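Novice: Protein chains in written order, with our numbering: chain A, 4 to 323; chain B, 6 to 316.
One thing to keep in mind: the hints can contain errors.
Stated by the list, open to error - Restraint ranges, calculated between C-beta atoms of paired labels, are given here:
hint, chain 1, residue 1, chain 2, residue 2, range
1, A, W6, B, W279, 20 to 30 Å
2, B, M115, A, L188, 43 to 53 Å
3, B, M115, A, V300, 28 to 38 Å
4, A, Q119, B, R296, 19 to 29 Å
5, B, V63, A, G118, 49 to 59 Å
6, B, L103, A, A134, 43 to 53 Å
7, A, A223, B, R296, 12 to 22 Å
8, A, G118, B, T64, 44 to 54 Å
9, B, W279, A, L188, 43 to 53 Å
10, A, G185, B, M115, 48 to 58 Å
11, B, T59, A, L233, 51 to 61 Å
12, A, V300, B, H244, 45 to 55 Å
13, A, L316, B, T64, 49 to 59 Å
To be verified - Residues from chain A that keep clear of chain B, each with C-beta distances beyond 10 Å, as calculated:
hint, residue
14, I107
15, L144
16, K145
17, T182
18, R230
19, H231
20, L234
21, R293
22, P315
It should be emphasised that the hints constitute simulated quantities derived from the structure, not laboratory data. Here the structure is a predicted model, which means the values were calculated and not measured. Quick reminder that beta carbons are idealized off the backbone N, C-alpha and C, glycines included.
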Amino acid sequence: MSWFSFSWQNFWFSFLALAFEGLPFLMAGSLVSGVVAVFVPSTRINRLLPRNPFLATLASGFLGVFLPVCDCGVVPIVRRLLNKGMPVSCGLTFMLASPIVNPIVAFSTYAAFRGQSPGLNTLIRLTAGYAVAVLAGLVALKVRPDAVLKTDVVRPDRRRRAGLSVAPMPEDAPDGNVTTFGAKLIAAVRLASDDFIDTAVYFMLGAAVAAVFNTAVNQAIILPLARHALLATGAMTGLSALMTLCSTSDAFIAATFISFPMFARMSFLIFGPMFDFKLLFLYRLLFRKRFIVLLGVGLYVLVALLCSQVLPLIYASRGL
Amino acid sequence: MRAEVSKYLNGITLIGVGGVLLAFWIDHRIDQYLHPLFRPGVLAGGILLVLAGTLYCVTTASRRCCVAGECVHEASQSPVRSFAAGAVLLAPLVTGSLVSKDAFDRNAVMNRSVVQDASALVARSASAYQGSAAVPQIPATMLGGDIDETASRDASASASTPAALAPGTGGPAAADPNAPGPGDTADGENYLPRTADGNVALEVTDLLYGEAEPSLRKVFSGKTVEVVGQYLPSKQGRHFKLVRMLIVCCAADARPMLVNVETDRPVQQTDMAWVKVVGKPLYQDIDGKTRVTLRAAAVMPVDPPADAMLY
Numbered sequence: 004m005s006w007f008s009f010s011w012q013n014f015w016f017s018f019l020a021l022a023f024e025g026l027p028f029l030m031a032g033s034l035v036s037g038v039v040a041v042f043v044p045s046t047r048i049n050r051l052l053p054r055n056p057f058l059a060t061l062a063s064g065f066l067g068v069f070l071p072v073c074d075c076g077v078v079p080i081v082r083r084l085l086n087k088g089m090p091v092s093c094g095l096t097f098m099l100a101s102p103i104v105n106p107i108v109a110f111s112t113y114a115a116f117r118g119q120s121p122g123l124n125t126l127i128r129l130t131a132g133y134a135v136a137v138l139a140g141l142v143a144l145k146v147r148p149d150a151v152l153k154t155d156v157v158r159p160d161r162r163r164r165a166g167l168s169v170a171p172m173p174e175d176a177p178d179g180n181v182t183t184f185g186a187k188l189i190a191a192v193r194l195a196s197d198d199f200i201d202t203a204v205y206f207m208l209g210a211a212v213a214a215v216f217n218t219a220v221n222q223a224i225i226l227p228l229a230r231h232a233l234l235a236t237g238a239m240t241g242l243s244a245l246m247t248l249c250s251t252s253d254a255f256i257a258a259t260f261i262s263f264p265m266f267a268r269m270s271f272l273i274f275g276p277m278f279d280f281k282l283l284f285l286y287r288l289l290f291r292k293r294f295i296v297l298l299g300v301g302l303y304v305l306v307a308l309l310c311s312q313v314l315p316l317i318y319a320s321r322g323l
Numbered sequence: 006m007r008a009e010v011s012k013y014l015n016g017i018t019l020i021g022v023g024g025v026l027l028a029f030w031i032d033h034r035i036d037q038y039l040h041p042l043f044r045p046g047v048l049a050g051g052i053l054l055v056l057a058g059t060l061y062c063v064t065t066a067s068r069r070c071c072v073a074g075e076c077v078h079e080a081s082q083s084p085v086r087s088f089a090a091g092a093v094l095l096a097p098l099v100t101g102s103l104v105s106k107d108a109f110d111r112n113a114v115m116n117r118s119v120v121q122d123a124s125a126l127v128a129r130s131a132s133a134y135q136g137s138a139a140v141p142q143i144p145a146t147m148l149g150g151d152i153d154e155t156a157s158r159d160a161s162a163s164a165s166t167p168a169a170l171a172p173g174t175g176g177p178a179a180a181d182p183n184a185p186g187p188g189d190t191a192d193g194e195n196y197l198p199r200t201a202d203g204n205v206a207l208e209v210t211d212l213l214y215g216e217a218e219p220s221l222r223k224v225f226s227g228k229t230v231e232v233v234g235q236y237l238p239s240k241q242g243r244h245f246k247l248v249r250m251l252i253v254c255c256a257a258d259a260r261p262m263l264v265n266v267e268t269d270r271p272v273q274q275t276d277m278a279w280v281k282v283v284g285k286p287l288y289q290d291i292d293g294k295t296r297v298t299l300r301a302a303a304v305m306p307v308d309p310p311a312d313a314m315l316y
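Next up, chain A with everything else stripped away, as it sits in the complex (with noise of 0.2 Å):
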């Protein structure tokens, strides 16, 4: 049989599933950057974080814990978040590891695990995370966010805050006029809107590619990897890139390789929540196109590396 075989049938159902799936999820990840736009102050969410920029990149590996979003509706939130003052090194950890260490992701990990020590893997899986996002935002606090960010996301400009390198959003609602409850929530879910326009055309640029993928390739053609660990793992971080998976869910997916072993599961369950094919669309919005390829590069190293070098070493302390 081909390695590839296209269908329009295959393509359309395929494609329409995952935009009825994840639209509602985009949605909702706008509508939580739109309030958070209006109604938080910029000075509230960064009194939420320490002023120390390395601990304050720490802490926002853990924002994921109250604002639960998946990785698609993170990005709106982020780039709200970046507008309004928030150091790149945070917004990128908490773009990274939100998907991961927030509950609803521990949960359906947990669920889905079920028989296969799903406590160590969920404990693994959030830790990993944070982990590997800490580790991205520590080395962004060493880069120019100009040299980051796409320039109409954020102007750097001459002021500067302690551990803060881009300019914030004026404090006042996005309209001078703004000041009640109803006009607020009006401008909230304009900018909801706006925000959802164009995080939308990536999600959906994303999940045409995704469902070329996942209906027209021969998916076979990827088991003989399974052999070898660190080919194991390597496929399977790419393999959780191409499938384009939501990280509330994407769990259940990885449990049924029960052929890959369970580090080389992990790593598709680490990598693919923090860059996919529709993330890989949607970090346009944020970021310059030579920084999105240095990530997803360095994440990819990071996350194989770990997962097929340190994870192993845990799994056989356990007895697994």
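Using the hints, position chain B against chain A.
Specialist: For chain B alone, kept in the frame of chain A given last:
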């Protein structure tokens, strides 16, 4: 003027996307695409998008949307970008809704055969089973789920188990996975779902789960079962595969579950046609693994079930 045009284009886009979501939900086409848990999200998302789009059209845009004078929203100010965004969002959704057949063809099945062990699938969980009338609601005691398999082979130990009290269990029968087991008791029979013809109504997944669970094998073996699925031809004339797609979240993650069917004579059906197979499951050890083959007594075309996907 440009902002006004953009405003209406964006509003129409939002209403259009919400409308497609609502249309799929209202006519139940969404049932073919999403797991039941995700379907309410389509309704909620559709309503929110229609409301947001309406609000977007009837309210006035802020003078400065984002950072003073520098709006980050690509589509909110330029009519051309608004139109392009609307086209990327709406055109594929509308086109897809018009031409989609709400099902996969055989190419997708052949490309996606990556489920390697049915025992790992989440659908085995109790929560996934709830509300599914086609799934046998067999108590664990009737399946032998509370019985230690090794202990059941020990006559002295088995005497204390409920299964041992039932006729047809213990001794050679307990050692033979294909032999009648606890499910063949009169009580166990009552829990097996039956068709009007008196056959045991099973899903493809039930037969596959039997490969991993000796207790299920005992229940199913020797019974005349009735299984509905899609026909996938095999190179061997008297064999074909019975397919059901199992989804975790949406059709995009659907995985084909296949059962080999053996017939007395070649079956003439179109690819992926819905068929009902009446026959007896045979569990055999092949290369150290237990595999099921459904020996068909009859294969007949049927209408697609209300839920084409399994969850």
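Novice: Against chain B, does L144 of chain A hold up as non-interface, every C-beta pair farther apart than 10 Å?
Specialist: Non-interface label on L144 of chain A holds, nearest chain B Cβ at 23 Å vs cutoff 10 Å.
Novice: Taking C-beta pairs only, is H231 of chain A more than 10 Å away from all of chain B?
Specialist: holds (17 Å)
Novice: Over 10 Å to the closest beta carbon of chain B is the bar; see if I107 of chain A clears it.
Specialist: holds (12 Å)
Novice: For the range 48 to 58 Å, tell me whether the beta carbons of G185 of chain A and M115 of chain B fit it or not.
Specialist: holds (56 Å)
Novice: Quick one: are Q119 of chain A and R296 of chain B within 19 to 29 Å, going by C-beta?
Specialist: holds (23 Å)
Novice: Has the hinted range 44 to 54 Å been met by the Cβ atoms of G118 of chain A and T64 of chain B?
Specialist: holds (52 Å)
Novice: Does the claim that R230 of chain A lies outside the interface with chain B hold up, using a Cβ gap greater than 10 Å?
Specialist: Holds, because the least Cβ-Cβ distance between R230 of chain A and chain B comes to about 13 Å, which exceeds 10 Å.
Novice: Taking C-beta pairs only, is T182 of chain A more than 10 Å away from all of chain B?
Specialist: holds (13 Å)
Novice: Within 43 to 53 Å: is that where the Cβ-Cβ distance between M115 of chain B and L188 of chain A falls?
Specialist: Roughly 51 Å apart at Cβ, these two residues keep to the hinted range, so it holds.
Novice: Would you assess whether K145 of chain A, listed as outside the interface, keeps its beta-carbon beyond 10 Å of every beta-carbon in chain B?
Specialist: At roughly 25 Å from the nearest Cβ of chain B, K145 of chain A sits farther out than 10 Å, so the non-interface label holds.
Novice: Does the no-contact call for R293 of chain A survive, Cβ to all of chain B over 10 Å?
Specialist: Per Cβ check, R293 of chain A is outside 10 Å of chain B; nearest 20 Å; holds.
Novice: Determine whether the Cβ-Cβ distance between T59 of chain B and L233 of chain A falls within the hinted range of 51 to 61 Å.
Specialist: Holds - the Cβ-Cβ distance for T59 of chain B and L233 of chain A, about 54 Å, lies within 51 to 61 Å.
Checked against the numbered hints given earlier, the structure satisfies every one of them.
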